[in-house]
Amino acid sequence: MPTSGHNGETGLFDLADLSLEDLSELDNSVVAKVMRDLVERRRCGTESTERFNQFNSTL
Amino acid sequence: MLLHDVQAFVTGQDQLTSLRQLQSAELGKHKVLLASVVRTAAPVVPGDYQRVLSTPYQLLGEIEARAPEVVRDLLSCPQFGAWADACTRRLSWPANRSAPGAIPLPFELGHLSVFAATAAIRSGHAFELDIPLRDGAVTFPSLGTARPGARTPLEWARVSRDDIGVRVQSSVSTVRLPAGGAVSDEAVSDELADAWYAAPRITTGSGGLRLDVVFESSDPYLDRYGIDRAELDQESLAAWRRMIGQAWAILTADHPWLARVVAATVRTLVPLARPGPTRSSSSTDIASFGAVALSLPGDALGMAEVLVHEAHHAILGAITDIMPLVRQNTSFLAYAPWRDDPRPGSALLQGIFAHYGMGRFWRERLGIGPPAWRCRATAEFARLRMMTNRAAETLERSGVLTDAGLDLLSGIRTQLAAWLDQPVSACATEYALDVGTDHEVRWRLHHLSPDPSLVAALARAWRGGGPPPLPPAKVAVQLKPAPPPPPSANTRAYLLSLRYQDPGELRRWLTGEGTGLPGCSPYGGAGQEGRADPADSALVAGRYSAAAAGYIQRITAGEDRDAWAGLAVARRHTGPFASARLLAERPEVVVAVHDHLGGGARVDPDMLATWLAGP
Chain P
1 MPTSGHNGET GLFDLADLSL EDLSELDNSV VAKVMRDLVE RRRCGTESTE RFNQFNSTL
Chain B
1 MLLHDVQAFV TGQDQLTSLR QLQSAELGKH KVLLASVVRT AAPVVPGDYQ RVLSTPYQLL
61 GEIEARAPEV VRDLLSCPQF GAWADACTRR LSWPANRSAP GAIPLPFELG HLSVFAATAA
121 IRSGHAFELD IPLRDGAVTF PSLGTARPGA RTPLEWARVS RDDIGVRVQS SVSTVRLPAG
181 GAVSDEAVSD ELADAWYAAP RITTGSGGLR LDVVFESSDP YLDRYGIDRA ELDQESLAAW
241 RRMIGQAWAI LTADHPWLAR VVAATVRTLV PLARPGPTRS SSSTDIASFG AVALSLPGDA
301 LGMAEVLVHE AHHAILGAIT DIMPLVRQNT SFLAYAPWRD DPRPGSALLQ GIFAHYGMGR
361 FWRERLGIGP PAWRCRATAE FARLRMMTNR AAETLERSGV LTDAGLDLLS GIRTQLAAWL
421 DQPVSACATE YALDVGTDHE VRWRLHHLSP DPSLVAALAR AWRGGGPPPL PPAKVAVQLK
481 PAPPPPPSAN TRAYLLSLRY QDPGELRRWL TGEGTGLPGC SPYGGAGQEG RADPADSALV
541 AGRYSAAAAG YIQRITAGED RDAWAGLAVA RRHTGPFASA RLLAERPEVV VAVHDHLGGG
601 ARVDPDMLAT WLAGP
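From first to last, the protein sequence lines stand for chains P and B. Under the numbering used here, think of the first position of the first sequence as 1, with each following residue one higher. Under the numbering used here, think of the first position of the second sequence as 1, with each following residue one higher.
What the hints contain is simulated information worked out from the structure, not anything from laboratory work. Among the hints, a few may not be true.
[Claimed, not checked] Short derived list, chain B residues pointing at chain P, Cβ under 8 Å: (1) Leu27; (2) Pro324; (3) Gly436; (4) Glu440.
Beta carbons are placed, not taken as given, at the ideal position from N, Cα and C, and that holds for glycine.
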C-alpha cells in the first residue's frame, strides 16, 4: 500500500485510492489509527460542542 | 499535502493542485469513516446488519468494478460525508445509539442503501434493494426525491431496476422514476410531478470556466445548518438560476482564480429560507465537503462573495482533516469581528481564513464596474482587511495555534500587511471604522464584565470630585459569554452597511419606505416600527451631533446598551476624542461605572466618559 509520507503511516490520501474490496480488508489497527488522527484533529466522531458550523450573515 | 501547498494557496500562486489533493483527502476521510461504521456496527445491529450495511456495501463494490468513477463520485458527495459522520457519532457513544428523538439506528445506518441505489441508477446497474423512507420519501443524491408515501413515518421500501426502469415500492404506492434517473428537471410528466421531484441542476459556463452545481433541498443529511431549508418553486428557482449565472459571470470575468477555487469546491447548494426580508445567511458544515447552504443574497455581487466565502470555509475544513492547526482542549474564547458570540480558536481561524478570501475578492474588485460598485468594493475591502487583521492579531497572541497553524496565519498576515498599506478613500475607511466600532462596542457590553471593586472605586472617586484613581485600561475585565442577541436587536448595523452596499435602499429606509414591508424592522422583527430609530437615522445621514444627542436621550431614559454603542460611533466624528476613544475601546468600564452611579439621568454620559478618559 502506498503511504502518505508521514512516518510511513497510512493517511487519508492513501485511502482515497482504495477500492471498497481493499477497504474491507484493511487491518483494523490501520482504520483505528486513521480514525484516532481524525478525531484528534477535528474531534470528528465525538461529542464535540463545536459543530464547526460557520454562519455568516450579511452583517 | 504540505504546508508549502497551503501557503501557495494563501498567496494565490497555487495552480489548484492543492485543491485536488484536498478533494482526494476528503474522499479518503469518507472511506475511513465508512470502514469504521461497517466494522463498529456489526455487533451493534446483528439482526439488521445484512440488510442495512452488508448488502448495499456489496452492491457498491460490484458497481465500482464496472463504473469506478460513479462510486468515487458518490462517496465524495457531501451527503455521504454527513451520513458517515452522523453514523460515527452514534456508534462511538453508546448513549447516542438510542438517543431520544433520533431515528432508530438501523434506519440511520441503512441509508447506505440509498447511496448504493443511486450508484446503481446512475451506472445502469440492475439491482434490488431495501431502502429507508422518511415520511414516505427518499432522496437520491443529485438525482431527486421519490415520494411513494408510507403508512408510518419510517418505513422500508423496495427499490429496483429492471428492463423497464427504476421503481420505488412502498406500502402505499409504487413510483417509477423517469428514464435515466431524470437528471433533468424539465421533462417530468404530470402524473410524476407529485411523486418525483428531480433535483434542479445549474450548469453555467463563462470565460472557459464551468460551474456545475445541484440544488438539494430535501436530503435528510443536508439539513444540518440550523435554518429552515427553502423549497424552490419555478419562480424562485428562476431567480436562483439568474443570480448564480450573473455571479458566475462576475467571478470568471474579474476573478478567474477564485472562480476556479469555487468550481473545484462547491458541487451542491442547499437553499435556505431568508432569516429576514433584508438579511441573508450562509453556512458550511465541514462534515459535508462540497455543500454550501445559503439563502438567496441581495444581488449577484453578494452571491459571488458568498460562494468565495464558503469555499474558503470548506477548504480550511479539509486542511484541518490533514494537519492539526489548533491545539485542542483549550478554553480560549475571543472576539471575532463578524460574530456576536465569543469564538474558540478553531472557529476564529475559520473566520479569518474565510474573511481573508472575501477580502481578496473585494480587493480584486477595486476600480471595477460602475461607481456604486467601486464605492462598495472600496468600503468592503477597507472593512474586511481591518476586521481580519484584528482577529489575526488576537489569534496569533493566543498560543492556541500549532506550528502549522501559526505558519498558515503568518502567510495571511503577510498579505494583510500589504493590504493595510494600500490607500483607500477616507470615506471607505470611515465606513469601516463605524461598522467595526459599533459591532465591537456591542460585543464588549454584552460579554465583558469589569472588576466590580474597581468599578466601585471609580464611582467613589467620581462622587468625591477627585480624579480617577486608575485609568480605565487598568480595570480588569472578565469574559462572561452571554447568549448572542437576536439580529433584530441591531438595526443600526444594517443601516450602516447600507451606506456602501445599497445607498438607494438606505434613502428609502430613512423616508420610511425601506424593504416595502410596513411594520417590519430590517430583520422582520415583530412589533417594531418600520422607520429607523431617530438617532440611528441621524447617524447614517452623517448628522453626528444630532445622533449623539439622540443616543444620550435614550441612555438617560433608562438602561440602553445599544444606545451606548451608537454614542461611541457618533463621538468618533464629533469628539471629544479622548472620551470617544474610551467609549470605543473600554465601553464596558464607562457603562459599569454609569450603572453603579445609578444610571439613567443621574450622570451625564459624556461628562463621565470625559472624566474617565482623564486629562
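Here is how each hint holds up against the structure:
no. : hint   : verdict
1   : Leu27  : holds (4 Å)
2   : Pro324 : holds (5 Å)
3   : Gly436 : violated (12 Å)
4   : Glu440 : violated (13 Å)
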